Amino acid sequence: MSLFQGYWPWWVGAIGLAALTVGFFKVMGATMGISGSVGKLCNARQEHELAKLEGSLAEDPRALDAALLAATLAQFGGSALPPAAAPPPAEVHPPVALPRRIPPSAHLTFLLSIGGGGLLAALSSDTFSVNLWPTQDYARVVAGGGVGLGTLLLGGLLVGVGTSMAGGCTSGLGLSGCGRLQPGSLAATAAFFGTGVAVSLVLARFM
Amino acid sequence: MSARAALHLKLSAFGLLFGFTISRAGFTRYGELHKMFVFSDPRLFLTFCGAVALCVVGLAALRANQKLPPRPFHPGMIVGGTLFGLGWAICGACPGAALAQIGQGDLCALWSLSGILAGTWLYRVFVKPKVKWEAPGCGL
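Chains S and P are the protein sequences, given in the same order. Under the working numbering, the first residue of the first sequence carries the number 1042, and numbering increases by one thereafter. Under the working numbering, the first residue of the second sequence carries the number 384, and numbering increases by one thereafter.
Bear in mind the hints are in silico, worked out from the structure with no lab data behind them. Only a predicted model underlies this, so the values are computations on that prediction, with no experimental measurement involved. One thing to keep in mind: the hints can contain errors.
To give an idea of the chain S side of the interface with chain P (calculated C-beta under 10 Å), a few residues [claimed, not checked]:
#1 Leu1044
#2 Tyr1048
#3 Pro1050
#4 Ile1056
#5 Met1073
#6 Leu1082
#7 Ala1163
#8 Gly1197
#9 Val1202
#10 Gly1225
#11 Val1238
#12 Leu1242
Ideal Cβ positions, reconstructed from N, Cα and C, are used throughout, including at glycine.
With these hints in hand, go ahead and build the complete structure from the sequences.
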């Protein structure tokens, strides 16, 4: 087995993907998820606003307590508080521990680097070649030429909608989510693998 | 080095390694993916399952579930998962693979990537406000 020639045996890929997923969480304090990064990049404006909000919470936790108290009194009046209410405690509560938010620009760096990784892999295994049109393997099963470019676009649309709706893709739901044994992730992963199998079997049979 | 530069450096490293790994594993080649989906070669499926098994151990050791908020289940996870699987089989790319495919020279994957970006935008603008699947509250 060579690191640079032919496809990796299953256990090498497994170790590599797991090391990256777990390592990402250890270093970044957040789960790795490519469609999540795509979504956050596309939603950059809201991401900036949320980051500002979190920053102000972390700076002044007393402001949160005061705001909650004010909102409670406004909603329910003085009767919301017990009769001999003690004054709010003098000590400051520790800041809310939120998962670290990665800024959109850093998500962009991450996504572009994935492309770089693909380039390095192809160059090191001498498999780099520029294909403007769908590859032979793709054309054999789905479609070639202009129709193939159309099916790539259509497939991409479904991937974009589906991953946004599900809240993740193979890395976010599959590796990180199933790695956390989250029931939703396990169900979603079964759904996308199951559908991938079903559709491919149909394509193999009829195309 | 500033914190910002360090952040970008770390994410570049992870991105490069991730793109390299999925390419060398074969997730970026339609032929290999198809072999997985039609059960003619278990290699990629075992790669994925093996990775998940190791992630379970690794993330548990790091107490990930104590440090991260849970992601409650909602029906969109099944519907979305199904649509994703449909798209994956049709274009041969999950979002990460599309990026790596472009890197390895398959510029046709720009069409897949364009679709992914368009789909992401379309969902957020037209579908998400109507379905309200995710639990209301802070979008943290």
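Results of checking the hints against the structure:
1. Leu1044: holds (8 Å)
2. Tyr1048: The hint holds - S/Tyr1048 has a Cβ within 10 Å of chain P, the shortest such distance being about 4 Å.
3. Pro1050: With a closest approach of 7 Å, the S/Pro1050 hint holds.
4. Ile1056: Given a least distance of 7 Å, the restraint on S/Ile1056 holds.
5. Met1073: holds (7 Å)
6. Leu1082: Hint holds; S/Leu1082 Cβ to chain P Cβ min 9 Å, cut 10 Å.
7. Ala1163: At about 4 Å, which falls below the 10 Å cut-off, the nearest Cβ of chain P leaves the hint on S/Ala1163 intact, so it holds.
8. Gly1197: Result: holds, 2 Å to nearest chain P Cβ.
9. Val1202: This interface hint holds because 4 Å falls under the 10 Å limit.
10. Gly1225: holds (4 Å)
11. Val1238: The hint holds - S/Val1238 has a Cβ within 10 Å of chain P, the shortest such distance being about 5 Å.
12. Leu1242: holds (6 Å)
Of the hints listed earlier, there is not a single one the structure fails to meet.
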